[in-house]
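Participant: Using the hints provided, position chain B relative to the given structure of chain A.
Okay, here's what each chain looks like letter by letter:
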Amino acid sequence: MAEADAAPAGAQDPIIEINGLNKWFGQFHVLRDIDLTVERRERIVICGPSGSGKSTLIRCINRLEEHQEGTVVVDGVELTHNLKNIDAIRREVGMVFQQFNLFPHLTVLENCTLAPIWVRKMPKAEAQEIAMKYLERVKIPEQALKYPGQLSGGQQQRVAIARSLCMQPNIMLFDEPTSALDPEMIKEVLEVMVDLAGSGMTMLVVTHEMGFAAQVANRVIFMDEGQIVEQNTPEDFFNNPQSDRTKLFLSQIL
Amino acid sequence: MSKYAFHRSRAEMLPERPAPLTSTGVIGWLRANLFSNWLSAVLTVASIAVLALVIPGLIEWAFIDATLTGELGKDCPSEGACWAWLDQRITQFFYGFYPPEAYWRVNICIALLVPALAYMLFDRLPYSRYGRWFSLAYPVIAAILLVGGLGLDVVRTDQFGGFMLNLIAGLVGIVLSLPIGIVLALGRRSRMPIVRMFSVGFIEFIRGVPLITLLFVAIILLPLFLPPQVTLDQLIRVMIIITVFASAYMAEVIRGGLQAIPQGQYEAGQAMGLGYWQSMRLIILPQALKISIPGIVNTFIGLFKDTTLVIIIGLFDILGQARLLQTNPDWLGKVDYETFLLAALFFFVICFGMSRYSLNLEKRLDTERR
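Top to bottom, those sequences are chains A and B. Going by numbering that gives the first Met the number 0, the first sequence opens with residue 0, and the numbers climb by one from there. Going by numbering that gives the first Met the number 0, the second sequence opens with residue 0, and the numbers climb by one from there.
If a hint is listed, it holds; no wrong ones were tucked in.
Once the Cα atoms are required to be at most 20 Å apart in a straight line, the calculated PhoX-like pairs of lysine-lysine come out as:
no., chain 1, residue 1, chain 2, residue 2
1, A, K145, B, K362
2, A, K186, A, K138
3, B, K289, A, K145
4, B, K289, B, K362
5, A, K132, A, K120
6, A, K123, A, K145
For the record, the hints were derived by calculation from the structure and aren't laboratory data.
If we strip away everything but chain A, and leave its shape as in the complex, we get (with noise of 0.2 Å):
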């Protein structure tokens, strides 16, 4: 297998690992059997049709989602009803929403420092100092005291992955970061978690960019009906694919 870069190919240093891991909504069998350890720094696109699982498989990594049955233990810390373990964990991820989910009522930099100051106490300073830094590397300092609504969507998202930063987590999940931008949009936002990738950020990202799975990803995952199809290099996944269900997916979206 021919890794990118600071490929954990073979580095046994997991931080997520999901074993088992079986989710029912109501009666739907939404994840199947899901087995999956995600190595520090690793950095998977996981893609697949709607309604094949792949954000619920990412929500039950912050316990967004209750799972049934199975494991997730992140950076250690197995995921159960204890309330504190959730909190812990949830500290050290980030996510960020198709809908990118800023707080309306807050400006940017309030948007930033909301969670740094109430989750980790930060004094009101270096919680600000630390948000610029973000909003500076997602190249928006200067909207940093306007209100999300008087944002572009791509800005927007922007602002939702400092605000994420800006906790200075361990991982990030990305929703379909990209799904609901105009497509003159998409490429600022892409450039920002291209950008991210290249900090050795562990990362997960839902998305159908294939063109951004093929450059920072250094696994592709494909899911269907609750289950993981098939899961290779980028480079195999896009000129290789083994399973007709993965061909069929491939030649539709590309």
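Facilitator: Chain B only, in chain A's frame:
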């Protein structure tokens, strides 16, 4: 060049132009708002005609033909309004049976109410840090001033009356019903079954019973159930009932606001590690309350006017004073409209003020489009 007729390609983009002048200005406004088509033109003319019929008569009755001075009802001739009672009775309309030598205490309360409210309602006032503390201390200061103690003569609460009584009961209800309503609304959406059942039960019971019934229960029935040594001041009981009643309505108004907040806002808070109360306080409630402002103020206004119901349990609020004067043999049959008109004016001023403030607040908090 293309061979197709629809072919276009712009070399430069058009600049912006100002709107045409005919759509702005006085004539434009009149045409757009009053005479936009024949139906609205007819309605405009008809409305002006009705006003022309009613207003002169009203002014004539209330001011031109009115009697302003006199000792008794018989000093007022029959046509025109009788305002002669005003100078002897206006204090009673405002202070009820509060001892006249202590009116100054009420006046100070009202004078202090202005800064206390201002510091709660408006930001960017000078000394606002101390101002907020003053606002928090105000209820205690006001209670001591009104009831007495600490060297002041004690005034029994059954001497309270007039518009002052409406103001006190209304303010207490307004200040307390909002937080209680918030807690009930959150309780109704709680995942904990006992909390949810209590909230639903409370809200539905209180909303399902007329306020008058609750007031009767509080005044007449409650003492029968309580041990005789427990006495709760009548005014306090009334304030509790009015507050509880408004809280149930408030809870439903706020629940509407909570339901308008997208699920993603809750999730974003959770994903960052904020706890339930932090999420509510920092993310959800500021947005939900903002959406609910019209409904909240609606409930406030309703509550404030409901304070007039205390008349049926024998408290003499401003309507009670009006009835008292109307049935006074000296004034019998002379002041029926005039006294109610004065009461209406008092209420209108306060309610209209609340309504304007809510508009101001909505504009101030509108961060989505500015």
